[in-house]
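A.B. asks: From first to last, the protein sequence lines stand for chains X and G.
In this text, residue positions in the first sequence follow our numbering: the first is 48, and each later residue adds one.
In this text, residue positions in the second sequence follow our numbering: the first is 770, and each later residue adds one.
Keep in mind the hints are simulated off the structure, nothing from the lab.
In this text, a Cβ means the ideal position worked out from N, Cα and C, and glycines have one as well.
Any given hint might turn out to be false.
Facing chain X, a subset of chain G residues (Cβ under 10 Å, in silico) [unchecked claim]: (1) ARG772; (2) PHE841; (3) ARG885.
Label pairs and their computed distance ranges (CB to CB) [unchecked claim]: (4) HIS1077(G) / GLY314(X): 56 to 62 Å; (5) ALA951(G) / GLN271(X): 48 to 54 Å; (6) ASN151(X) / GLN962(G): 57 to 63 Å; (7) THR317(X) / ALA951(G): 54 to 60 Å; (8) LYS147(X) / ARG847(G): 19 to 25 Å; (9) LYS946(G) / GLY314(X): 54 to 60 Å; (10) ASP990(G) / GLU355(X): 54 to 60 Å; (11) PRO1034(G) / SER133(X): 55 to 61 Å; (12) MET155(X) / ASP943(G): 49 to 55 Å; (13) GLU404(X) / ARG847(G): 32 to 38 Å.
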Amino acid sequence: MAIYLDHAATSPLRPEVLEAMMPYLTTHHGNASSIHASGRRARQGLDEARETIAGLIGAKPREIVFTSGGTEADNLALKGVAWAASARGRHIITSSVEHKAVMNTCAMLERRGFEVTYLPVDRYGRVDPSELAAAITERTILVSVMAANNEVGTLQPIAEIGAVCRAHNVPFHTDAVQAAAFGPPTPDAWQATLIALSAHKLGGPIGIGALYVRQGTALLPQMQGGAQERQRRAGTENVAAAVGFATAMRASYRETPNTALRDRLIGALTGLTGVQLTGHPTERLPNSASFVIEGIEGGDLVAALDLEGIEASTGSACTTGSVEPSHVLLAMGIDEQLAHGSLRLTLGPETTAADVERTISVVEGCVARLRASAPQVAASA
Amino acid sequence: MSRIVAAMSGGVDSSVAAALLAREATDDEVIGVWMRTHGDLPEGYELSRSCCSPDAADDARRVAQILDIPFFILNVEREFGDRVIDAFVDSYLEGATPNPCQACNQYIKFDELLRRGLAAYGADAVATGHYARLEHRDGRWRLMRAADADKDQTYFLWVLSQGQLARTRFPLGDLTKPEVRAMAAELTLPTAQKPESQEICFVPLGDYRALLEERRGYAGDPGPIVDARGERVGTHTGYAHYTVGQRHGLGVALGEAVYVREVLPATNTVVIGRRDEVAQRSFTVDGARFTAGEPPTERFEASVRIRHRAPDVPAEVTMVGRDRFVVETAEPVWAPAPGQAAVLYDADECLGGGRITRT
Ligand SMILES: Cc1ncc(COP(=O)(O)O)c(C=O)c1O
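Pulled out of the complex, with its shape left as it was, chain G reads as follows:
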């Protein structure tokens, strides 16, 4: 018999994932865990749609009761504050684009939940409501795209190691979102009709600027917006308020659409460009990790994805040392943003990835 920790966010996906385990795995013992990522909100304040609100804990608990599984709350406030919120803020201050969902998966759902879950609950594995599949083939675990291409979340899971993949379950990997909702309704789970959460759970109303000020005292210092030739074309409110690829809020009228091409903290400058000036054929990636533990070869072909839901692009990948690689794409790719993940695939298998660096 094995014991599986089901990470329950209070949303429909993780509810159904837990339900599938609880119903099918008759031999396994399933334990529901909701992770508390931040402290009590000020009175009268609600983050009703996020996965971290007290309402979400209530929903997760109700689902666990209906499934008749033990339910615990795991406090990860400290880790979430350091690894996700602070990293998010620091990313902007470095002129990069943060990737909080990936950080949360990596540090909180897998590192922390696996480590503490296995120790505290004597569990063997962790299950989540991610849309991804696992296959064991040719002596190793492979992270595969979900059957529902539209919902595939491997873009956020590329950091998982063989050790972690071996102890992970993705019960929803073969299902589509409508099937998951239908299942939740059939099981009369209270989360069946819950809307999808889109906003970043710790940034109410999407206003991250307040967070920069609150956590790092960054209030924004106006500076120049320059074009590709270095000509000043406008004024920004502070470099950290901008990310590569951004189009709105620039306040620059050049008669055609312009986008942020580069954010330069050292000189507090935002560089803009036309659509074609923001595309690139080559960029460097660091912090590389491969699900197999190492890259296939020093130089290999893969398709690369540089943001969630962006199309995959065929590319040639060249390793530069152990944890850096250069990507050269067949077609120019739109705005590779420093800080974002570049994730590599071989057909449906996620090979790994890394963080795009400034070029």
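Isolated chain X (complex conformation):
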């Protein structure tokens, strides 16, 4: 069995989640909008899931909008607020290390006449709240800064960012898709207006997420159709997935993440020559260890590890083989050449100390092999 160290890409479905979903995939069929008993039973599952999630994050159930995932939640937040507020202003502020779900949505809004400011980050990938304060104008209609970065695991000073937004009375969206796997997002402590969530990063099914929308927020729906989700997201509700999402969230908040294994990985790998940690040394996701490695191509290393039974990532789940170095690493000031050699290892609840030790020695061996084949030496063989 392979050692799976790519939980940031997606995490295995928890057994209790599958169990909770099963009835809704088999006997408890029914459309949650139907009048009859089957419909009511489905509706109950959906309502309970919404209540569970709202309860876990300290929100009201009506503030939770189910979506098809984190990407859709980000799209709904950004486009929904942008279009609703466009008469008032057309300026959006985000960071330069966002997930593509935010970044490309901003790019699309730019093409539609919005102005977007991309805040710089320090070498750990953190936004400076005072730079945010300086960037806000009276035309600013939304700030979007992620809670935790998916590539390098860095946590943003999210409450401080929220406080700046609150002080300027600007709505604040945060993509908490990664952060939410390790403790409940807190809309009130963060002073967030909108929060994007996804189930599959915390042991739930792929294909469901949610957007927390603070009551009273003007949001234009991005999907036209039926009146589901209080007219904010049309489409027959995915009840089984919503139940799975709620179950997964509750289960993951009962666990305390084991940072010792992450720290062992970081310590051992940064001890190798030409390997450096990316992201913040302490203010980072408890399961995330990310690196840049001199003299290798990240994609080649990940393929090599796979053939040795270790499943890792270069930083984002990308199978198209594009060579664009990560915008996150570049924004952190990492040299372009070095940025090609990225490796991300993200641990899960099932990861053992033995897995970590094996990973350390296999990474060391593969890196040595890849470096030995650098063009100058081989090619002419």
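Knowing the structure of chain X, use the given hints to seat chain G with the ligand on it.
C.D. replies: Same frame as chain X, but now just chain G with the ligand:
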């Protein structure tokens, strides 16, 4: 146990090559690799028939899934851009005829895939869907023509060294194209019915002129077309738009068929001639490489081929230094074009070759 990287283009040939390895080599582990040679195309733009389109990656992946082998994408955009596309463009600018398929084989499929494939995947060998055979005889590897003479691709493989040949497999070498198609159909591979790709994969619709402008800013500067005696007989659109042997698009009416005989960048001149004026009995070749590592002797007999699918011609080859040779053919050969490969054979064995130079 050995590990073999199967280069999968998404076409029927490399699909069957991978299938043969995966099915027969029970002891070997086969890994499918598709090489990404260029970036995303602009939206709404398709190169559906080329081996480098995203569709081709989809096809290769589906075949790998059916064969139950691991599948990776290897990015070679940088190398392909420098070694194949730029070299292609520069060839025209030098007044020569480019040889992109050979460059791709040499630099991408063998140098790059062997080097990186061996390192990244811990592999021992690379397999491709080329029609060629390998034999180990008298202490060395020999590159042999394919059993299907019609499909033989040794013309594009002459650059391979002993080190590379030792780590290469050509599973299709003993098969004919119809047999390969039948095998693909039998295995229900989605690529079984795919048409042959003919165009150059990075030149959509065969219009390379746009590429000259895009990569090197060459828009073409009109100049003289002259005949063998130096008499001006017409006007061309820019020397780099012409290659030796070309007949069409000259816009010259001399009452008989004329062909490009020479392309002269220095004076922006295109020289034409009648059919017999374009033939030659002797030409020089540089960048020579021999599959054995060295030429058989300083002077030897071989048959020479100067373009894909052209007939072989008996010739005498004389080495001039380490990597140059002069070819003298028994019969005049039709339009040896600077830039094209001259490939040498001893019966069915490919001895090596080089690049025809301006004479
Ligand atoms: C930070 C972040 N935002 C958004 C997403 C997208 O979520 P989903 O895969 O549910 O669409 C992901 C994960 O892919 C992510 O890591």
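A.B. asks: Looking at the structure, which of the earlier hints fail to hold?
C.D. replies: 6
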